[in-house]
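Chemist: Using the sequences provided together with the hints, build the complete structure.
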Amino acid sequence: MIEISHVNKWYGPTFQVLKDCTTSIAKGEVVVVCGPSGSGKSTLIKCVNALEPFQEGQIVLDGIKVNDPKTDLPKLRARVGMVFQHFELFPHLRIIDNLCLAQEKVLGRSHAEAMAKGEKLLKRVGLTVHANKYPAELSGGQQQRVAIARALAMDPIAMLFDEPTSALDPEMISEVLDVMVDLAREGMTMMVVTHEMGFARKVAHRVIFMDTGEIVEDAQKDDFFGSPRSERAQQFLSKILSH
Amino acid sequence: MKYNWNWHIFFEPSPNGTGNYLDMLLSGLVLTIETALLAWIIALVIGTIVGVMRTLPSKTASAIGFCYVEFFRNIPLLVQLFLWFFVLPELLPRSAGLWLKQMPNAPFWTASIGVGLFMSVRVAEQLRAGIGSLPRGQKMAATALGLTTTQAYRYVLLPIAFRVILPPLTSEFLSTIKNTSVAITIGLIELTGQARAMQEFSFQVFEAFTAATVLYLLINLVVVIGMRLLERQVAIPGYISGK
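Here the protein sequences line up with chains A and B, keeping their order. Its first residue numbered 1, the first sequence is counted upward by one per residue in this note's numbering. Its first residue numbered 1, the second sequence is counted upward by one per residue in this note's numbering.
Since the hints were derived computationally from the structure, they do not count as laboratory data. Among these hints, one or two may not hold up.
Stated by the list, open to error - Once the Cα atoms are required to be at most 30 angstroms apart in a straight line, the calculated DSSO-like pairs of lysine-lysine come out as:
no. : chain 1 : residue 1 : chain 2 : residue 2
1   : A       : K105      : B       : K59
2   : B       : K59       : A       : K19
3   : A       : K65       : B       : K101
4   : A       : K75       : B       : K101
5   : A       : K70       : B       : K59
What the hints assert, rightly or not - Here are the simulated distance ranges between beta carbons:
no. : chain 1 : residue 1 : chain 2 : residue 2 : range
6   : B       : T213      : A       : D72       : 57 to 63 angstroms
7   : B       : V45       : A       : Y11       : 33 to 39 angstroms
8   : B       : L229      : A       : S174      : 40 to 46 angstroms
9   : A       : R185      : B       : G226      : 31 to 37 angstroms
10  : A       : S166      : B       : S133      : 57 to 63 angstroms
11  : B       : S62       : A       : D72       : 22 to 28 angstroms
12  : A       : G187      : B       : S62       : 40 to 46 angstroms
13  : B       : V45       : A       : S139      : 37 to 43 angstroms
14  : B       : P167      : A       : P36       : 28 to 34 angstroms
Here a beta-carbon is modelled for each residue, glycine too, at the ideal position from N, C-alpha and C.
Modeler: Quick look at the structure:
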């Protein structure tokens, strides 16, 4: 589904943020990407739907090369859902309109169709009563659930999560993770940048560990948590799992 | 100083034979409003286009926007009006120049367009700042949903940015109205022009300019109140100025 091969990316002439990153995510697979701040994990996930350009290598999404100038990027992006750290709901639109906008403008669905889909998804994330509110009137956890619903409204073939719980109060993290766990159990293809190792343990198939722009470890979940091969991953795990 | 105050002067017949002095001032007021409205429409339309250009990733678009802004904001308004009114017709081919000079209402069109272009760079700069103030993730979220750049601006960035810059835009609208008074120098007999004419005919300089002052204050007050209402109308609950 997602093939990342030998991706190199530089900011400016000298600062390399991604170093020869290669991995792939199969249909229905849930892959967690973790690593310290500045390790390039957010940059890598943004390269997948070409929100960030990269200079070398290639990424193929469902058979379509992302970094091909001939690719219709808006069309391709519409098929991949993305959830951001800071939710990024559109503040001037009501919750339900946040869910309808791209359905209507990008997929060309009728307003009635989009509304029906939006209402169904709001029900699924338990926010039906807030349909007519504005994003700023919701808590962070609620906003992030709306953001997930907004992405799902496009019937994506895969979902990308860029630190979806990092900006949330501890109390709100679980309500967002619950939605994500459900999604994973339904067989959604997911690439998740997160530090939530509990989530990784529960639903991930594979864990990728990144450091200084490199994929240091790319292992099955049990292997990763059981006995990470690299010293760097061992250090990282011991630090975040010791509490 | 010996001065004969005569507040009844407004109701005395004016020498142009079409009514009294008050009618004269009011016809000037109407012309001021017409010129200002046309100029403001031009300023908003061109200002929006240029402001957006300056925020696009394209270096060419941004460079064109930069040149436009620096040209129109670094030449005094008075000089600009003279350029359009006196110099431009001479630079054009003879027939086109003649057509311009003989155009009915030439001062009106020149003033509206001249003031409009002068103000458009101010609108452009406000809008550029407004768009720049939005979180980068907003554009990313719109893009990730599959919206094209045009759609992202149309449905997401501009509706929010215009709300953010509404208060400074009020000031720009007021400046547009006040700047139309410069058009007296190219023969547009708007409010300031009529006040001066009244002074020349009646020698009642204080009454004439007191009336002009009051009328300017009144239209600007209407604009201020109107814009306040608009601000309240479009305020987003819980966001920025929303209450």
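Chemist: Against this structure, judge whether each hint is valid.
Modeler: Hint check:
About 27 angstroms separates the Cα atoms of K105/A and K59/B, which keeps this hinted pair within 30 angstroms; it holds. Between K59/B and K19/A, the direct Cα distance comes to roughly 28 angstroms. Compliance with the 30 angstroms bound is thereby established for this hinted pair. Note on K65/A and K101/B: the hinted pairing is violated, with a Cα-Cα distance of about 59 angstroms set against a maximum of 30 angstroms. Proposed proximity of K75/A and K101/B is contradicted: the alpha carbons are some 52 angstroms apart, above 30 angstroms.
Proposed proximity of K70/A and K59/B is supported: the alpha carbons are some 21 angstroms apart, at most 30 angstroms. Distance hint for T213/B and D72/A: a CB-CB separation of about 60 angstroms, consistent with the stated range 57 to 63 angstroms. Judged by the Cβ atoms, the range 33 to 39 angstroms given for V45/B and Y11/A holds: they are separated by roughly 37 angstroms. The hinted range of 40 to 46 angstroms is satisfied by L229/B and S174/A, whose Cβ atoms lie roughly 44 angstroms apart.
In this structure the hint that R185/A and G226/B lie 31 to 37 angstroms apart at CB is violated, the actual value being about 55 angstroms. Range check, S166/A to S133/B: Cβ separation about 23 angstroms, and the 57 to 63 angstroms hint is violated. For the hinted restraint 22 to 28 angstroms between S62/B and D72/A, the CB-CB distance of approximately 25 angstroms keeps it satisfied. The supplied range of 40 to 46 angstroms is met by G187/A and S62/B, whose beta-carbon atoms lie about 45 angstroms from each other.
Judged by the Cβ atoms, the range 37 to 43 angstroms given for V45/B and S139/A holds: they are separated by roughly 40 angstroms. The hint said 28 to 34 angstroms for the Cβ distance between P167/B and P36/A, and at roughly 42 angstroms that hint is violated.
Going through the hint list in order, the structure does not satisfy hints 3, 4, 9, 10 and 14.
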